[in-house]
Amino acid sequence: MKHLEVILNYGTADSHSTPGSNLALPVRALDTDGSVLAEGVASVLTPAVLDLPDTTQIAFVRLTWPSGRTETQRATFDEGSSQQAVIFTDARIYRNEWSAWAVPKLNPRSPLMMSGGEEALNLDLNRFKRTWLRLWKFVAGAWTREELKPQMSYRSDAAWQIDLTLESVPWMLQIGGSNVTWRFVSLPGGGPARVLMTPKDSRDPRADALKVVLTSFRTDAETLLEFLSRDAMRAAETLADSAALATRLFSDKFTDPVSALAGAYYLLRLDQWSRVPLRWFENLSTSFPWLPDAAVIHCVRLLRAGVRTEDEREEARTLLARSLECGWPVYAKGSLYCRKLRRFFRSAWLESASSSTECAISEPPRVGPGQLRASMDVRRINPVPSNGSACRVPRDAGDTTRPFKTESQDHFARPRVPLSGGSSRRRQKWLAESHRCCSST
Amino acid sequence: MTLIYQNAAAAAQPGTHVLAIGVGRYPHLLGGAGETADRPLGLRQLESPPVSLKAVLDWFLRPSVVAGAVGFRNPSASLASVEALVSNDNPFALEALPEIPAIDAATRNNIQEAFEAWLARLKSHPDHIGVFYFCGHGFMVANHSLLAEDFGHSNAQPWAHAFDMTNTIRALEREVSGSVFFFIDSCRGIAREVALTLGADPHALLVADLNKGVSRKSATAIYATGEGELAFAPKGGEVSRFTSALVCALSGYCGVRKPGAAAWTVDGEGLAMAVRLLLEFEARARASHRQVSDQTVQGSPVPLLQLAATPKVKVWLDLLPPERRALYELYLKSFTGARFAQSLLNQVFEVDVPRGFYEVGAQDPQGTLPAVAHLQEDLFPPVYVLTLEA
Chain R
1 MKHLEVILNY
11 GTADSHSTPG
21 SNLALPVRAL
31 DTDGSVLAEG
41 VASVLTPAVL
51 DLPDTTQIAF
61 VRLTWPSGRT
71 ETQRATFDEG
81 SSQQAVIFTD
91 ARIYRNEWSA
101 WAVPKLNPRS
111 PLMMSGGEEA
121 LNLDLNRFKR
131 TWLRLWKFVA
141 GAWTREELKP
151 QMSYRSDAAW
161 QIDLTLESVP
171 WMLQIGGSNV
181 TWRFVSLPGG
191 GPARVLMTPK
201 DSRDPRADAL
211 KVVLTSFRTD
221 AETLLEFLSR
231 DAMRAAETLA
241 DSAALATRLF
251 SDKFTDPVSA
261 LAGAYYLLRL
271 DQWSRVPLRW
281 FENLSTSFPW
291 LPDAAVIHCV
301 RLLRAGVRTE
311 DEREEARTLL
321 ARSLECGWPV
331 YAKGSLYCRK
341 LRRFFRSAWL
351 ESASSSTECA
361 ISEPPRVGPG
371 QLRASMDVRR
381 INPVPSNGSA
391 CRVPRDAGDT
401 TRPFKTESQD
411 HFARPRVPLS
421 GGSSRRRQKW
431 LAESHRCCSS
441 T
Chain S
442 MTLIYQNAAA
452 AAQPGTHVLA
462 IGVGRYPHLL
472 GGAGETADRP
482 LGLRQLESPP
492 VSLKAVLDWF
502 LRPSVVAGAV
512 GFRNPSASLA
522 SVEALVSNDN
532 PFALEALPEI
542 PAIDAATRNN
552 IQEAFEAWLA
562 RLKSHPDHIG
572 VFYFCGHGFM
582 VANHSLLAED
592 FGHSNAQPWA
602 HAFDMTNTIR
612 ALEREVSGSV
622 FFFIDSCRGI
632 AREVALTLGA
642 DPHALLVADL
652 NKGVSRKSAT
662 AIYATGEGEL
672 AFAPKGGEVS
682 RFTSALVCAL
692 SGYCGVRKPG
702 AAAWTVDGEG
712 LAMAVRLLLE
722 FEARARASHR
732 QVSDQTVQGS
742 PVPLLQLAAT
752 PKVKVWLDLL
762 PPERRALYEL
772 YLKSFTGARF
782 AQSLLNQVFE
792 VDVPRGFYEV
802 GAQDPQGTLP
812 AVAHLQEDLF
822 PPVYVLTLEA
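Residue numbers (the numbering used here), protein chains in the order written: chain R, 1 to 441; chain S, 442 to 831.
Wrong hints could be hidden among the right ones.
Said to hold, decoys possible - A few chain S residues that face chain R, going by a derived Cβ cut-off under 7 Å, partial list only:
#1 Val648
#2 Lys653
#3 Val655
#4 Ser656
#5 Arg698
#6 Gly740
#7 Glu770
#8 Lys774
#9 Thr777
What the hints contain is simulated information worked out from the structure, not anything from laboratory work.
Owing to the predicted nature of the structure, the values given are computational and were not obtained by experimental measurement.
Yeah, the Cβ is synthetic: ideal placement off N, Cα and C, and Gly gets one too.
Can you make the complete structure from the sequences, with help from the hints?
Structure below.
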């Protein structure tokens, strides 16, 4: 065997204060015809050591980012040599050190990269000056407006970044403006969160004008979910080391329930939920009732195993109802499951459900005057921010206090609520679903 | 008849069972020969589905007739059966099996019967692989529904002759132990008329027994387009964009060879990515009606195909400024030694090459103009697009 060491020397990730402090990425050694010789995981802390066949003379090492971008280096084994090393660095891939953490999560052609950006893309943030941000918090069964007060803020000509610290409740960042699609972005509660906004990084006319990238400094969990969100199952499997990572994240649920969600989503996606006991799912949903994802995950787990008794069916119904009553899922996967479960329950059991459960499933949570009516009911949302409440995009580089607005990262949940800027088809679909939900009550 | 191929010798072994449906004739939709439905949803007759169905069936069946032909190959789960339904005004014939008798029409009842027969075969072995292909009209409300030939037959039950594909997939997951691939070539536009009716939802082909747990190993569903979007086909009765990309991807334009493996395998993830990239590649010169496929991949990867040959890559190599093209040789030089080149032609260099690592460049055969080279390019299936600048 020959040994190939793959080192991830990401200088911006060597501090524990940055989101990428324990960044780990899948690597593959490939033959000249693209055959996979070996695969593993390289992290900032631990290099990957790949075992290659003795006959290997040249290997191409491919590093895959969560965004799907790949970087390849060649390793040549000299005569008689059985060891070689390649080093991947991030010194040339970002424009600003403070935004470097987000680059692996963005489109490979993101303008935030030093090279590879498309010159024709308009990076000027000032064209979004009429964009605004609002922060919403879910407490006592209702969404209420919170003042947006970032702890830290950075801005360049291509990106704007804010740091927040969020308590353990569901949060939403609302984004709107005259030239961006209005939307909500679910923010992970229970700790720090960083939000980066940048002009769209593709020429796709359907892409939102502003791209939003989030992190809650849970690198393992977020990287895992980013690969899953792209259906990059092989990369996710490599990263998860045969589900060991996912199981570990899940097992640490009492320490970090948000990361545990990622582990649970992975196990559900790969049909490996039976690797962990049912009580883990129960503990997650009962110990963290403020996390809608926890109830959704538990519900999906019950349905995957089959619900054979009326008690089990009632428990599944109750879990879905609870998830809909306690805010919005943190992760996009939770939002997707929610929608699917809602349709599923409607066609499967709604007619036989108790009237209270029926209402809970079919109606958005109620809110009081001055509060956000419901994140799912777009027609009730005041489309224009009241005077003085809109947070505009700062025009000056030195302005680091006023918040701003944009879209979200794929693996964090974004309610699929086509607002005024959404496509007509998406709006039609949403309205159609809304109608069907109403008609079932 | 609907069962057009069966390999009885492979009955006890893991096999691949195909159910393929193409619906081009809709008598009760606009332009149809029957009485037009009160609510035709603005849908008309389709030319592409029978042609697309033929392309899929020929691809699956060809290697069973002509050894070594491009088509389905999986030694771990060889082709065991092919069930087909087609609704078309013109006679339907296959190149691979020219002698088959007439195939039954894709009415709702026939689809139900064919589905149940296909499901029974699929359940007969825990490692069987199922392939469900549909090309025809479809719409979405909350779920995705597909339209049988007799859609619109009853104005009292206007959607009765469609079927709910979303719930069919959910139900199937609890009935089979093997793996299932769904290729759905239809529109997914939102049907407001359907949404505004009560108690008339199309039924699934199978009810989900929630007492049972999810039992399938993996399920891959690749849709021609995203939710709320339309799918397209060229005018004149050609293979649809999605099916064209699907058949192309299956024909050697994707695959991974894992460490120590002899064959290149194609699973749901790889296939979905290849289809998406091929659609994008095909649409690169088109300004409107962009079509982006959608997919869901669940469970552990199970290969649909096992290929002996190295996958191919469609190369599209250009040189700018255009006036320099005729002065240069465009080339690709593999690290295995193979070389592909186009000399002194004022056109884009388009060629299929085996996947792998290449030096890609442009050079002046006279040696006077400066050379351009990318020394280490990873040519990954299905397409490689590069514009060099001299």
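The hints, checked one at a time:
1. With 7 Å as the threshold, the beta carbon of S:Val648 stays out of range of chain R, its nearest partner Cβ sitting at about 9 Å, so the hint is violated.
2. With a least beta-carbon distance of about 5 Å to chain R, the hint placing S:Lys653 at the interface is held under the 7 Å criterion.
3. A distance limit of 7 Å between C-beta atoms decides the matter here; for S:Val655 the minimum to chain R is near 5 Å, and the interface restraint holds.
4. A hinted interface residue such as S:Ser656 counts as satisfied when its beta carbon comes closer than 7 Å to some beta carbon of chain R; here the least separation is about 9 Å, so the hint is violated.
5. Against a cut-off of 7 Å between C-beta atoms, the interface hint on S:Arg698 holds, since the closest Cβ of chain R lies about 4 Å away.
6. Of the supplied interface hints, the one on S:Gly740 holds, with its beta-carbon coming within about 4 Å of a beta-carbon of chain R, less than 7 Å.
7. Look at S:Glu770: its Cβ only gets to about 23 Å from chain R, farther than 7 Å, so that hint breaks.
8. Hint status for S:Lys774: violated, given a least beta-carbon distance of 12 Å to chain R, over 7 Å.
9. At a threshold of 7 Å, the smallest CB-CB gap from S:Thr777 to chain R is about 5 Å, leaving the interface hint in force.
Checked against the numbered hints listed earlier, the structure breaks hints 1, 4, 7, 8; every other hint is satisfied.
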